[in-house]
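Novice: The residues making up each chain are set out below.
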Amino acid sequence: MAKRIEAVGVTAYYGSFKAIDDINMVIEPKSVTALIGPSGCGKSTFLRSINRMHEVLPGAYVEGKLTIDAQDIYGRDVDVTAVRRLIGMVFQRPNPFPTMSIYDNVVAGLRLNGLRRKSALDDACEKALRAANLWEEVHTRLSRPGAGLSGGQQQRLCIARAIAVEPQVVLMDEPCSALDPISTLAIEDLITELKNQYTIVIVTHNMQQASRVSDRTAFFSIDKTGDPGRLIEYAETAKIFTNPSVKRTEDYITGRFG
Amino acid sequence: MSEPSFGSAEVAPATSAEPHSREPSQVPAPRPGPVDDDVSVTAEPNAPRHRSEGQGPGDRGPDDRPTLLGGGGGLPRRRRFGPEPLFRGFTTASGTAVLVIIAAIATFLIVKAIPALRADKANFLTYYQWFPDPSQADQPSKFGIGALAFGTVLTSALALLVAVPVALGIALCLSHYAPRRLATGLGFVIDLLAAVPSIIFGLWGREYLVQPVRGLSTWLHKYFAWIPLFGGDGPYGKSILLGSLVLAIMVLPIVTSLSREVFRQTPAMNEEAALALGATKWEMVRTAVIPYGRPGLIASVMLGLGRALGETIALALVLGSTFNVTFDILNSGGNTIAANIANHFGDAQDIGRGALIASGLVLFAITLVVNMIARGIVYRRREFVGSAT
Amino acid sequence: MTTLSEPTLSIASELQVRRLPRWVPYAAAAGAAILAYLIFYVGKVMGGGWALTAVGAVLIFLIGLLAVSGVVEGRRAATNRVATTLIYAAFTLALLPLISVVATLVDKGRTRLDADFFNHSMRNITAFDEGGGAYHAIIGTIEQAGIATLITVPLGIAGAIYIVEYGRGRLANAIRFFVDVMTGIPSIVAGLFILAFWVLLVSPHLSSNGRASYSGFAAALALAVLMLPTVTRSSEEMLRLVPPPLREGAYALGIPKWKTILRIVLPTALPGIVTGVMLAVARAAGETAPVLLVAGGTDSINMSPFAGNQMSLSIYIYQQAGVAATHNYGVNRAWTAALTLVALVLALTIAAKLLARRSKLK
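Protein chains in written order, with my numbering: chain F, 1017 to 1274; chain S, 10 to 398; chain Z, 339 to 700.
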């Protein structure tokens, strides 16, 4: 059920500043794609344009075409909230709703969509928490505040929240950058499991992480400060990290810059 | 030859310029950090001891000990009456001044109220009328705050009922809906309106709101007389409805201002999380903004309540000053504790003054409790997550 | 390992949802206005009148929008539209009276904006006379607020210093809590307190004839009681904003604590503290009830705040407004005095806010 994403000429602006220019790529279903590159080169901007979160900021907009299974999400009559329901997002810092319990956090998206029957919510909650490898740890205290968990657990809670609504795509914006190595490993294992069901796109600064979890990797970069970010190379992860075609990719991978 | 004395026993005894000999150090070495013990140490070694050290006045305490750093374990002695303990004492006294004032308020009000309360032949808490200074000598003083307390609570409750939803709406509008520039400018204007003295609102209400409220009262009575509030059939003039509306307009800027601050402090990442789940804007507000700000909002409302309860002059200008307890808000009448004080203070004699003071004491107690609850809510929340106010 | 099964919940996965065209809300608004006009204004249902028409128009618009949007776009989008409309409506509703207050103030205040008003008192002027001014009231307000500030500022800042720098434990917590609570005390209670304490108890001992007397100083005391918690609280917040490394650097150099506070911490927090003081003064200048109780009010100019009744702008307004006369002379004076008072208060408040914006700590 996971969907295929295709970006055609995607260009994103913050007001008059062009952040990314003419991004073209195809992301296959049930795969993990990593977006890597130095800071400020548009990886997160591109990620957020996939679920139309980029335009939340005042003055920000996107040009170009981005299709999910051949449906352009930037089409004229498209409902933004429907797009975001289909595409889940996990953020850099864990952000469970502080006033809600673990249970309420997980089913928050379902409740918004009108699902009210307690039994259905309970089932969905358990399913999502199991999928996020969190069920064993929290199933005895589902009514406790979500903010009371450790950092790694909170992030897994956010993942559970995102997948509880059964999206087709899951976007992750540097999900492990605020976590310790053990939690990071746990989440990387989780990603490898989740890819059996979802299309996953993950932005990461950690090249080792990219090489561990992803099937394909996209390298973004900018020419000089003030320029928009561009997609430099996009290929199988193994190829990017052992035999990249573009010199700039090789420079970045080997640490010569960035 | 005057040499700085380092206070160690091996050094030659001080010359005549030095009034006291230094003793071996009994004071622990100074550490960076709040200096709780009153040790004054300057950063200037080798300052000759008969000159005041440093540039500041008053660096020398009455002991007139030089304070020097240096090897040999010579450290200055703790001063008992130096600038540090003096300063600390002064600030402590100033800090406790507030507590003293509260106690003083309670004390003096009670002291002045007791003679009047003794003279009161009626039950102070329940009696409606107000005759503390009877015109004839043999008539008993009878007065009570029954009607006043009722009016105070009713006007404040109605005012909040009207003002709070509107204030929350405006606050949300400014924090999440209106364009940035407009919101900042309007927020500024609303903050200014919160500073306008309340007498202005009373004046305006008396001049401009009486006619419209008269019209409103007539309309309400004609079509909604089945609701007890609107049962009054005239004459309409200075009524509880008018007073409540004026109070509402007065309380509006403050509650708006505080609520806007609360809403603005919602963490952006929680808002984004809600949006990313596919929430509409209103759903995002409902899920992330309002629950997060609930304690701050409650505190804002209670602060508005405190202000409404204590409002004096504006209500003195627009209420009818009667002494009855009724839910009829349309007819002329209405009174509150504070307005009553303002109205009768001028012609009050001894017992009358004491009676007014007694009613003020009750008002003080009520507002104290309301404010304590409001602050308690904020404090408890502050440890938890930390929000506005 | 967890097992992932195929999705079982039915959540619509259509991206294409029907949306209302852009012009529909405007058309609905126009339609609602016309409908309301016909029903309420022309048809005079429930009494008619323009106010009812306006309210009716808004209600019809909301109901219509809810219905149309609900059918076309779905329940959630409809709720969102209605919520947005209500929020903007609340905004507009509140603006009306507030604008009216400001407009009235300017309009009616203009009538006595003449030199006479600012140079004369009310001595020998009765309610039926056209002239007279508020000179004595202005003097009184300035003196009373000034003295109150002189009392409050050192006490308040010192108290704040105690709370932030020295206070540990229960006393400091109690002081903090009650300072917060006291910011909400009704002004008339402060007036009653000074009445009971200063006017009735102390002043007979101080006056020449042994009788209780009102004075501007008593009013200043009452205002100080009101200002003290505010000044303390805002100073406390400003002092807390001073970064700890600033203090620690001074301690590491061996500078005594009191010197650090006076020379380093306080000057850093000073712009913010001044802002807080100015806001407190603005509030004090506008207070009526406490001053009414203890300053007495008078028609003549009294330059001394310590001896005899004194007037203030706020009492002046109250008094003049209460005067019933056929020609509204009193009311006109009241409005101009009100305009003066508001101008004074707003000048202080705006200056305070501008200062706060420029200060680095805020």
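It is worth saying that the hints were derived from the structure and are not from the lab.
As the structure is a computational prediction, the values presented were derived from the model and not from experiment.
Note that beta-carbon positions come from the ideal geometry of N, C-alpha and C, so glycine has one too.
Hints are not guaranteed to be accurate.
[Claimed, not checked] Calculated Cβ distances over 10 Å to all of chain F for the following chain Z residues:
(1) 431
(2) 451
(3) 469
(4) 538
(5) 641
(6) 670
[What the hints assert, rightly or not] Once the Cα atoms are required to be at most 27 Å apart in a straight line, the calculated BS3-like pairs of lysine-lysine come out as:
(7) 1081/F / 1240/F
(8) 1211/F / 1240/F
(9) 1211/F / 1255/F
(10) 1081/F / 290/S
(11) 290/S / 1134/F
(12) 1034/F / 1263/F
(13) 1081/F / 1211/F
(14) 382/Z / 231/S
(15) 1255/F / 1046/F
[To be verified] These stretches of chain S come out as covered by chain Z in the derived footprint (C-beta under 8 Å, 3 or more residues):
(16) 123-135
(17) 376-385
Novice: Each hint: holds or not?
Specialist: Now the hints, each set against the structure:
1. 431: Correct as stated: the minimum Cβ-Cβ distance to chain F is 26 Å, above 10 Å.
2. 451: Given a closest Cβ separation of 43 Å, the condition holds.
3. 469: holds, 56 Å
4. 538: holds, 51 Å
5. 641: holds, 56 Å
6. 670: holds, 48 Å
7. 1081/F / 1240/F: Since the Cα atoms of residue 1081/F and residue 1240/F sit roughly 26 Å apart, the hinted pair holds (cutoff 27 Å).
8. 1211/F / 1240/F: The hint is violated at about 35 Å.
9. 1211/F / 1255/F: holds, 20 Å
10. 1081/F / 290/S: holds, 24 Å
11. 290/S / 1134/F: Distance of about 25 Å is within 27 Å: holds.
12. 1034/F / 1263/F: holds, 25 Å
13. 1081/F / 1211/F: Given that 27 Å is the threshold and the Cα spacing comes to 25 Å, the pair holds.
14. 382/Z / 231/S: holds, 14 Å
15. 1255/F / 1046/F: Cα-Cα ~20 Å, so holds.
16. 123-135: violated (count 0)
17. 376-385: holds (count 7)
Against the hints set out earlier in the document, violations occur for numbers 8 and 16.
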